[in-house]
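2 protein chains.
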Amino acid sequence: MSDNNIIDILICNGILVAMEETIPPFKDGVVAVKEDKIIFAGSKKDMPAYKPIRIIDAKRGIIMPGLINTHTHAPMTCFRGLADDLPLMTWLNDYIFPAEANLNPDMVYKGSLLACAEMIMSGTTCFCDMYIFEDFVAKAAKQAGIRSLVGEGLFDFDSPNYGPLEKGYDYTKMLAEKWKDDDLINIAVMPHSPYLCAPDLLKTALLISEKYQLPLVIHLSETKNEVSMIKKKYGATPVKHLENIGALSSSLVACHAVVLTQDDIPLLQKYNVKVSHNPQSNMKLASGIAPVPKLINSGIHVGLGTDGCASNNDLDMFSEMDSAAKLHKVKELDPTVLDALTVLKMATINGAFVLGMEEKTGSIKPGKKADIIIVDINKPHLTPMYNPYSHLVYSVKGSDVTTSIINGKIVMENRKLLTLDIAKIMADVNDIAKKIKSKHDKI
Amino acid sequence: MSDNNIIDILICNGILVAMEETIPPFKDGVVAVKEDKIIFAGSKKDMPAYKPIRIIDAKRGIIMPGLINTHTHAPMTCFRGLADDLPLMTWLNDYIFPAEANLNPDMVYKGSLLACAEMIMSGTTCFCDMYIFEDFVAKAAKQAGIRSLVGEGLFDFDSPNYGPLEKGYDYTKMLAEKWKDDDLINIAVMPHSPYLCAPDLLKTALLISEKYQLPLVIHLSETKNEVSMIKKKYGATPVKHLENIGALSSSLVACHAVVLTQDDIPLLQKYNVKVSHNPQSNMKLASGIAPVPKLINSGIHVGLGTDGCASNNDLDMFSEMDSAAKLHKVKELDPTVLDALTVLKMATINGAFVLGMEEKTGSIKPGKKADIIIVDINKPHLTPMYNPYSHLVYSVKGSDVTTSIINGKIVMENRKLLTLDIAKIMADVNDIAKKIKSKHDKI
Numbered sequence: 000m001s002d003n004n005i006i007d008i009l010i011c012n013g014i015l016v017a018m019e020e021t022i023p024p025f026k027d028g029v030v031a032v033k034e035d036k037i038i039f040a041g042s043k044k045d046m047p048a049y050k051p052i053r054i055i056d057a058k059r060g061i062i063m064p065g066l067i068n069t070h071t072h073a074p075m076t077c078f079r080g081l082a083d084d085l086p087l088m089t090w091l092n093d094y095i096f097p098a099e100a101n102l103n104p105d106m107v108y109k110g111s112l113l114a115c116a117e118m119i120m121s122g123t124t125c126f127c128d129m130y131i132f133e134d135f136v137a138k139a140a141k142q143a144g145i146r147s148l149v150g151e152g153l154f155d156f157d158s159p160n161y162g163p164l165e166k167g168y169d170y171t172k173m174l175a176e177k178w179k180d181d182d183l184i185n186i187a188v189m190p191h192s193p194y195l196c197a198p199d200l201l202k203t204a205l206l207i208s209e210k211y212q213l214p215l216v217i218h219l220s221e222t223k224n225e226v227s228m229i230k231k232k233y234g235a236t237p238v239k240h241l242e243n244i245g246a247l248s249s250s251l252v253a254c255h256a257v258v259l260t261q262d263d264i265p266l267l268q269k270y271n272v273k274v275s276h277n278p279q280s281n282m283k284l285a286s287g288i289a290p291v292p293k294l295i296n297s298g299i300h301v302g303l304g305t306d307g308c309a310s311n312n313d314l315d316m317f318s319e320m321d322s323a324a325k326l327h328k329v330k331e332l333d334p335t336v337l338d339a340l341t342v343l344k345m346a347t348i349n350g351a352f353v354l355g356m357e358e359k360t361g362s363i364k365p366g367k368k369a370d371i372i373i374v375d376i377n378k379p380h381l382t383p384m385y386n387p388y389s390h391l392v393y394s395v396k397g398s399d400v401t402t403s404i405i406n407g408k409i410v411m412e413n414r415k416l417l418t419l420d421i422a423k424i425m426a427d428v429n430d431i432a433k434k435i436k437s438k439h440d441k442i
Numbered sequence: 000m001s002d003n004n005i006i007d008i009l010i011c012n013g014i015l016v017a018m019e020e021t022i023p024p025f026k027d028g029v030v031a032v033k034e035d036k037i038i039f040a041g042s043k044k045d046m047p048a049y050k051p052i053r054i055i056d057a058k059r060g061i062i063m064p065g066l067i068n069t070h071t072h073a074p075m076t077c078f079r080g081l082a083d084d085l086p087l088m089t090w091l092n093d094y095i096f097p098a099e100a101n102l103n104p105d106m107v108y109k110g111s112l113l114a115c116a117e118m119i120m121s122g123t124t125c126f127c128d129m130y131i132f133e134d135f136v137a138k139a140a141k142q143a144g145i146r147s148l149v150g151e152g153l154f155d156f157d158s159p160n161y162g163p164l165e166k167g168y169d170y171t172k173m174l175a176e177k178w179k180d181d182d183l184i185n186i187a188v189m190p191h192s193p194y195l196c197a198p199d200l201l202k203t204a205l206l207i208s209e210k211y212q213l214p215l216v217i218h219l220s221e222t223k224n225e226v227s228m229i230k231k232k233y234g235a236t237p238v239k240h241l242e243n244i245g246a247l248s249s250s251l252v253a254c255h256a257v258v259l260t261q262d263d264i265p266l267l268q269k270y271n272v273k274v275s276h277n278p279q280s281n282m283k284l285a286s287g288i289a290p291v292p293k294l295i296n297s298g299i300h301v302g303l304g305t306d307g308c309a310s311n312n313d314l315d316m317f318s319e320m321d322s323a324a325k326l327h328k329v330k331e332l333d334p335t336v337l338d339a340l341t342v343l344k345m346a347t348i349n350g351a352f353v354l355g356m357e358e359k360t361g362s363i364k365p366g367k368k369a370d371i372i373i374v375d376i377n378k379p380h381l382t383p384m385y386n387p388y389s390h391l392v393y394s395v396k397g398s399d400v401t402t403s404i405i406n407g408k409i410v411m412e413n414r415k416l417l418t419l420d421i422a423k424i425m426a427d428v429n430d431i432a433k434k435i436k437s438k439h440d441k442i
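Chains A and B, in that order, give the protein sequences. For the first sequence, numbering that gives the first Met the number 0 gives the first residue as 0, with consecutive numbering after it. For the second sequence, numbering that gives the first Met the number 0 gives the first residue as 0, with consecutive numbering after it.
Same shape as in the complex, but just chain A (with noise of 0.2 Å):
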């Protein structure tokens, strides 16, 4: 046996499911990690004669790629449940802005790790972040040793970060420079939205998100009052409003995309543009219900995010899964309407895609880098299975994952984090939540 067989992990005794059209589910699936990257896929009996460094027993569990939240706001987890079935206004006002008017970079820090601990946990294995400091969110989740696609939120006020605008430019080529050629940062422009954006901003951060070759993402059209806003400013909707300024794009993620006119879609689809659903923020926020099925009819990519603890309140993408299927059902009056494979990819391959990342991640295919997680289904809440794409959206539960390995390196094992110290970790939000409980007296 030559060196060429020596891999470093090999996965074996599990359900595959792959999610790539040429790897059909196997019932005797293994994959092959060497170094970051999948060598092999598929099952036992066609698999090479490889001298593995390490074995993982998936013990008949599901081997599958890791989720992908295309939008949070990592550090908000420090808010989680801070205010909750409030009026839009009274939440910001009252809540969150004042909460945020503290923010620190230590806050930011802590809350990331808090919340890649969770996402960890519950499968994610790549996450796109919104915040303010995001180089601490990246910093975070570099330790975490989990993917992600990180940007400064940019926006025409003040921010506690770079003060005025023209910093917080110069703050993003900095996140662009710092981790040009890390393995697992990955960074974007994000101009926060349309309505808290000025065209100027709008347009700097598409030249900056040109010359460097970023993404551009951006809550778009999140609710009625945004488009009615847009509309009265600049006399086109939010999508409209982003084509006269050349924003529309393939490189460019819209957030939320819940209140589309039916001219909306077509130019969504015509730039290429890439959307992140978020149903669970959008129910409790009570802004709307996404046209999902209408924008994959479109040929529309569309990702799953969980948006920030202040507003869903966790970081789970099964428990997403499993409310977007059923949303858009009962919307439509249609139970055929994003069926279970729909949803999962979702949640994986079109979650990459989103994040411009289809050739990294999203799938479990030889070439790609190893984001692998393993769902024990030996559990009375997952017996029988007749289908593990409906197992994997209407069953499974977040605290199922067992094993985590990103980018080949294994960061969680029989539900024990390897690259975190929770204990500590969760101390610190719950010291960072009493400051906050004591600096408002509305909480």
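Do not rely on the hints blindly, as some may be mistaken.
One copy or any two copies: either way a pair holds, since identical chains are not told apart in the list.
[As the list claims (entries may be wrong)] With a straight-line Cα cutoff of 27 Å, these simulated DSS-like cross-link-like pairs (lysine-lysine) come out:
1) K423 - K58
2) K269 - K210
3) K415 - K58
4) K293 - K223
5) K202 - K172
Everything labelled a hint here was simulated from the structure, so no lab data went into it.
Given the coordinates of chain A, assemble chain B onto it according to the supplied hints.
Coordinates of chain B only, in the frame set by chain A:
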């Protein structure tokens, strides 16, 4: 210290969420249990000096009443994920009905054991069940040590259990006699629905329920099709049709109640009819969205239910609460609708009202039966905690329940089920599923 101070269980060191207006949440909560009853619930500093035989340390978790699942079909765990994302009639005629044609007591018993395991492990301590061979559901529930209200499904056509309808009445009477003195099992009369039960059946069911003083449980106004069919056949909505028959009363539990006219709600209110709301099933089968805020505002008791595993696909009441809270917000486009406390009441004390068990269970109150769960909140996805109600509805998962006490007996401790052999139960249901697969070529 007198013998009167000897108690069986003292639960201490937890955050008490009693779901009783006279008992606010306590940070230093304790609950004392003697035999099958709660004898004290409140702050540790107000607690009499007890001599507990057994002390359970809640480890700063939440001590709360067990959840009440007001509508399910326990044996349908055997069909979990057997068929999804299909038109209703394809789902029923090509999958569910053929699978159910082979029903037998063994399947019902084993499927129910699995359901009980899943329910206890996700925080449910009481459930209401309609199916066939229901004596075997009762047997399984008794063995699991879970409280229940069970009843044999009655319909116009022959049943695999009792054959012609006349014997179905006898079977129901047999159940009532057999279980009348049981401390856990309660019996109801359960005509399936106005569309599967002719008026004579409904009238006979009503007589039996009056004679034996049993609740009457029925599927009511679940879909548009049902309402059209009943209107065509009887010239009235299903609710009005039941009034005409004389079946509307405070003993009636109407399951689903999705498609209601504006005249139906005052009728339900007038007769103090109880409603079981099943949001996830109604979403997945695309039945519609029940007008729950209106029902609650009319003073109608509304509980929550998961429905069976073939249309959900689990029995997790925590996830059901999350869906209920979010679904009605987005339907009404109002984030204040169905706040966390309201939803938590639906899953506890109001569920008890729905099943006519409000004197017995649904809250932690001296004199009530000890149906108590402990939730571990020392986890990343439950950090930090600002508000326990919000946490329980929006963040806690069924798998966070560590300990369950039903009728004063510890049935689960540190996530170990003490009453059932889970491995055997799962193996049994996997065998059943294999037979179902081999008989149905569509699966």
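Here is what the structure says about each hint:
For the identical chains of this complex, K423 and K58 are inter-copy neighbours only, at 17 Å across copies versus 31 Å inside a copy, given an alpha-carbon limit of 27 Å. Taking the shortest alpha-carbon separations for K269 and K210, only the intra-copy value of 23 Å comes in at or below 27 Å, while the best inter-copy value is 69 Å. Taking the closest pair of Cα atoms, K415 and K58 come within 27 Å of each other both inside a single copy (17 Å) and across two copies (20 Å). For the identical chains of this complex, K293 and K223 are neighbours both inside a copy (19 Å) and across copies (24 Å), given an alpha-carbon limit of 27 Å.
Taking the closest pair of Cα atoms, K202 and K172 come within 27 Å of each other only inside a single copy of the chain (15 Å); across copies the shortest separation is 76 Å, beyond that limit.
The structure agrees with every numbered hint stated previously.
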